[in-house]
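Just so you know, the sequences run in chain order C and G.
Following this note's numbering, the numbering of the first sequence begins with 1 at its first residue and continues without gaps.
Following this note's numbering, the numbering of the second sequence begins with 1 at its first residue and continues without gaps.
Incorrect hints may have been included.
[Unchecked claim] Covered stretches of chain G (in silico footprint by chain C; criterion: 3 or more residues with CB under 8 angstroms from a CB of chain C, positions within the stretch not fixed):
no., region
1, 143-153
2, 262-270
[Claimed, not checked] Just a few of them, taken from the derived set where beta-carbon distance is under 7 angstroms, the chain G residues facing chain C:
no., residue
3, ASP31
4, PRO168
5, ALA214
6, GLY216
7, ALA228
8, THR229
9, PRO299
10, GLU301
[Stated by the list, open to error] Pulled a few chain G residues facing chain C out of the computed Cβ check, cut under 10 angstroms:
no., residue
11, LYS2
12, ASP6
13, LEU205
14, HIS206
15, THR215
16, SER219
17, VAL227
18, LEU310
19, LEU311
20, PRO314
Calculated directly from the structure, the hints in this document are not laboratory data.
The beta-carbon is built from N, C-alpha and C at its ideal position, and this holds for glycine as well.
Here are the chains, one letter per residue:
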Amino acid sequence: MTTLLRASALSGGYGGDEVVRGVSLAVAEGECVAVLGPNGAGKSTLLRLLAGILPASSGQVELRGKTLQAWRRRELAREVGFVPQIVNFAFPVTVTEVVQQGRAPHLGPWRPPSPHDHAAVEAALARVGLSRRGAVAVQHLSGGERQLVLLARTLASEPRLLLLDEPTAALDVRHQLEFADILRQLVSEGVGAVLVAHDWNFALRLAQRLVILHHGRVWAAGPPDEVLEPELFRNVFGVEVEILRRDDGPPMVLPRVIAQG
Amino acid sequence: MKRGADLVLVAVLLLAAAAALVLGGPAASPDEALAVLSGGGAPEVRTIVLGLRLPRLALALVVGASLALAGAALQALLSNPLADPFLLGISGGGAAAATAAYVVLPAAALGVVPAAAMAGAAAATGLVWWLARGPLGPSPTRMILAGVAVNAATSAAILTMLALAPSPRLPGVIAVTMGSLASASAGQVAWLAPYVLVAAFVLLLHGRDLGLLATGEESAAALGVEVATVRRRVFLAAAALCGGAVAFAGVIGFVGLVTPHLCRLVWGGSTRRLLPRAALAGAALTVLGDLFARRALAPAELPVGVVTALLGVPFFVALLRRSA
Chain C
1 MTTLLRASAL SGGYGGDEVV RGVSLAVAEG ECVAVLGPNG AGKSTLLRLL AGILPASSGQ
61 VELRGKTLQA WRRRELAREV GFVPQIVNFA FPVTVTEVVQ QGRAPHLGPW RPPSPHDHAA
121 VEAALARVGL SRRGAVAVQH LSGGERQLVL LARTLASEPR LLLLDEPTAA LDVRHQLEFA
181 DILRQLVSEG VGAVLVAHDW NFALRLAQRL VILHHGRVWA AGPPDEVLEP ELFRNVFGVE
241 VEILRRDDGP PMVLPRVIAQ G
Chain G
1 MKRGADLVLV AVLLLAAAAA LVLGGPAASP DEALAVLSGG GAPEVRTIVL GLRLPRLALA
61 LVVGASLALA GAALQALLSN PLADPFLLGI SGGGAAAATA AYVVLPAAAL GVVPAAAMAG
121 AAAATGLVWW LARGPLGPSP TRMILAGVAV NAATSAAILT MLALAPSPRL PGVIAVTMGS
181 LASASAGQVA WLAPYVLVAA FVLLLHGRDL GLLATGEESA AALGVEVATV RRRVFLAAAA
241 LCGGAVAFAG VIGFVGLVTP HLCRLVWGGS TRRLLPRAAL AGAALTVLGD LFARRALAPA
301 ELPVGVVTAL LGVPFFVALL RRSA
């Protein structure tokens, strides 16, 4: 497996406050890494650092062997697809118009979209099952459909690496499974993914490796079987859990009570 | 349908421009004005049509296009449907400086009023930018709040100066604060045109970036937009456009706010395509507004800013209700 993205001793935050401290991780082609941790652990900040949206205060991120600073913003956007948690639609736009924005990294300021650009938009819409909803205003969609539109917009740029910030936070269980299927398919096609999640069971469906963040540092990292221990949940999340290991699927985490002490 | 609407827009613009040249007082009747346009006509009618109405039309076109373009760009940049040069205090800064110039300067120095207006708009722009700065650059929300504060300060300053202004200077002050194209000259247009073209080019160049910024800065950055650079360029270009407009036409309200929304209702949400259409529509709206201002109560003339506001307020209210 070829390494797509490698972060080494990465630190960063906002205005002098370091939120992420010395995090190292790597993502290979066809691999999904889930980043988990309590609220405020630095998960979203880590994702912004990996996307190059937030400059690192120390350490570095390499994409295909080249540091992020050496990439031009537009070239980087063709390789890395970042799906933000919230997108503000201040003006009425249709689903197709939003997904077309995903082609922006491939277009200059003046060039109109080519047939390939249109095909990429169609393919992205088809992938998330919204081909027939292209003319609908995004404002009229449900939260779940909106999240699928954002994924389609990112997929339209044909990235090799996906960075997803709690993509299923607002989704009902059916949309969650749908989302998981789409991601699993993409990863099996060789796309790398970093998935920030709160929902353990969703993450476990997809991730080959887990990175647990606590106070901005990596508390544990590795394959789910190695990482999933009740002590982890007690120490990092302050909860007692039951871990259900199954023969026919990934393990499941069942929260029980708030840990004592 | 969009192609058809484009044709209607161009037709309205051409008709409005023709009407602005042809319609007017008894000194140059429509027949006589038409004769001038076909190359003939009496010398005094030629002076009225080519020396007065034509520069006024040209200024209306340039100012209207500038305001609408600036409004469309600022709305996208700040992903806020209420953003416009007014709300951000830029027009207010220009108007306050121009008013101060009218009140303070001797009659011989009144030629520098446009320069004062531009300096005031630039100062307000800088002040808003400075007030809104933060660890990650100025945020849209802080920019709007800073604009509201600057706007309130400039209105207070203008009202104070109005109360204290010597009466012979009041018409000039009123022309600035309510907007007027009455003092248009060919020289003003020649001065303004290249300046507006450069700023308009910058905004059109970033049309696609602005469409992405309208969905938020993080999402724009993720799709390859150099947010800090684009934000600085667009804000400066938009400020330059409204500074130029205020310098020669005073504060013409609502063109910058309303025109982009009108265009969105007709043509849909793509910001890149919205910008040139908003420019044309803003030009048409301002020419029509000025024509109405000149002719509605002739021989008295209404301030064009009042007319565009009268047209704009009902639309604005309807827009608020629609978004509720």
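(message) For the restraint on PRO314 (chain G), tell me whether the closest CB of chain C is nearer than 10 angstroms.
(response) With Cβ-Cβ at 20 angstroms, over 10 angstroms, it is violated.
(message) Under 10 angstroms is the threshold here; is the Cβ of SER219 (chain G) close enough to any Cβ of chain C for the hint to stand?
(response) At 5 angstroms from the nearest chain C Cβ, SER219 (chain G) passes the 10 angstroms test, so the hint holds.
(message) Is the listed coverage of the region 262-270 of chain G by chain C valid when you require three or more residues with a beta carbon under 8 angstroms from a beta carbon of that chain?
(response) Per the Cβ count (4), the hint holds.
(message) Is the interface hint satisfied for VAL227 (chain G)? The criterion is a beta-carbon contact with chain C at less than 10 angstroms.
(response) holds, 8 angstroms
(message) Does ALA214 (chain G) hold up as a contact with chain C if the rule is Cβ-Cβ below 7 angstroms?
(response) holds, 6 angstroms
(request) Mind checking the CB of THR215 (chain G) against every CB in chain C and telling me if the closest is under 10 angstroms? (result) holds, 5 angstroms
(message) So, as I understand it, the hint says GLU301 (chain G) touches chain C; can you test that by seeing if any CB pair is closer than 7 angstroms?
(response) GLU301 (chain G) check fails; min Cβ-Cβ to chain C is 36 angstroms, beyond 7 angstroms.
(request) For the hint on GLY216 (chain G), just tell me whether its beta-carbon gets within less than 7 angstroms of chain C. (result) holds, 5 angstroms
(message) Just to be careful: measuring from the Cβ of LEU310 (chain G) to every Cβ in chain C, is the smallest value less than 10 angstroms?
(response) Hint on LEU310 (chain G): violated, closest Cβ of chain C at ~25 angstroms, above 10 angstroms.
(message) Tell me if the interface restraint on HIS206 (chain G) is satisfied: Cβ within less than 10 angstroms of some Cβ in chain C.
(response) Since the shortest Cβ distance to chain C is 7 angstroms, the answer is holds.
(request) Would you settle whether the hint for LEU205 (chain G) is holds or violated, based on the nearest Cβ-Cβ distance to chain C being less than 10 angstroms? (result) holds, 5 angstroms
(message) Using C-beta distances, would you say chain C covers the region 143-153 of chain G, given that this needs three or more residues below 8 angstroms?
(response) violated (count 0)
The structure fails to meet hints 1, 3, 4, 7, 8, 9, 10, 11, 12, 18, 19, 20 from the earlier list, while all remaining hints are met.
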